[in-house]
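Asker: Sequence:
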Amino acid sequence: MAWKDNKANKFYPSPSSDTPEPREQKNASKLHNPEPEYHHRHADPELEISGAMTLSEVSQKYAIPVTKLTEALNVPSNQAGEKIGRLKKRYHFEMDELRSTVTRLKKGN
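Heads up: the sequence shown begins at 20 in this note's numbering, then just goes up one per residue.
Read the hints as simulated data drawn from the structure, not as lab findings.
Careful: at least some of the hints might be erroneous.
[What the hints assert, rightly or not] Under the rule of at most 25 Å between Cα atoms (straight-line distance), these lysine-lysine pairs were calculated in the DSS-like manner:
#1 K80 x K126
#2 K87 x K108
#3 K80 x K102
#4 K87 x K125
#5 K126 x K107
#6 K108 x K80
#7 K125 x K102
#8 K107 x K87
#9 K87 x K126
#10 K125 x K80
#11 K102 x K87
#12 K107 x K80
#13 K125 x K107
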């Protein structure tokens with residue numbers, strides 16, 4: 020990169036091919052074309068289950084017995100009214116495991 024002296028005795032880089040492009044211009048395309056969001060792959064994409072729900076709500080929504088659901092996840096049946104997010108941490112299961120269990124139990128009914 021070559022440096023030139025302007026009239027005010029301040030030095031600035033002269034335009035050349037090795038001058039890096041400003042960051043705003045490089046990333047401008049990302050502003051208009053954002054990268055796609057990451058989507059989880061579920062056992063059944065039709066299932067709408069969130070950590071804010073309870074196992075009782077899931078069993079009612081998908082017409083499966085709550086006792087079968089709690090047994091399959093190794094969760095005591097008296098915890099069916101607790102939020103799934105808390106149960107996941109306490110009983111060490113993942114949402115994908117819950118979704119696949121619900122799918123399996125739905126097919127069994």
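Asker: Against this structure, judge whether each hint is valid.
Answerer: Going through the hints against the structure:
As the CA atoms of K80 and K126 are separated by approximately 15 Å, the hinted pair is consistent with the 25 Å bound. For the hint linking K87 to K108, the alpha-carbon distance of about 20 Å falls within 25 Å, and the restraint holds. A C-alpha spacing of about 15 Å is found between K80 and K102, which places the hinted pair at or below 25 Å, so the restraint holds. Simply put, K87 and K125 have alpha-carbon atoms about 11 Å apart, close enough for the 25 Å limit, and the pair holds.
For the suggested pair K126 and K107, the alpha carbons sit about 23 Å apart, so the restraint of at most 25 Å is met. The suggested pairing of K108 with K80 holds, with an alpha-carbon distance near 23 Å, which does not exceed 25 Å. With a C-alpha separation of about 21 Å, the suggested pair K125 and K102 falls inside the 25 Å cut-off, and the hint holds. At roughly 17 Å between alpha-carbon atoms, K107 and K87 fall within 25 Å of each other, so this suggested pair holds.
Taken as a hint, the K87 and K126 pair is honoured in the structure, with Cα atoms around 13 Å apart against an allowance of 25 Å. Restraint check: the Cα-Cα separation between K125 and K80 comes to about 11 Å, which is no more than 25 Å; the hinted pair holds. A threshold of 25 Å between alpha carbons decides the hint, and for K102 with K87 the separation of about 17 Å falls inside it, so the pair holds. Annotation: proposed proximity of K107 to K80 holds, straight-line Cα distance about 19 Å (limit 25 Å).
The suggested pairing of K125 with K107 holds, with an alpha-carbon distance near 21 Å, which does not exceed 25 Å.
In summary, the structure agrees with every hint in the numbered list given earlier.
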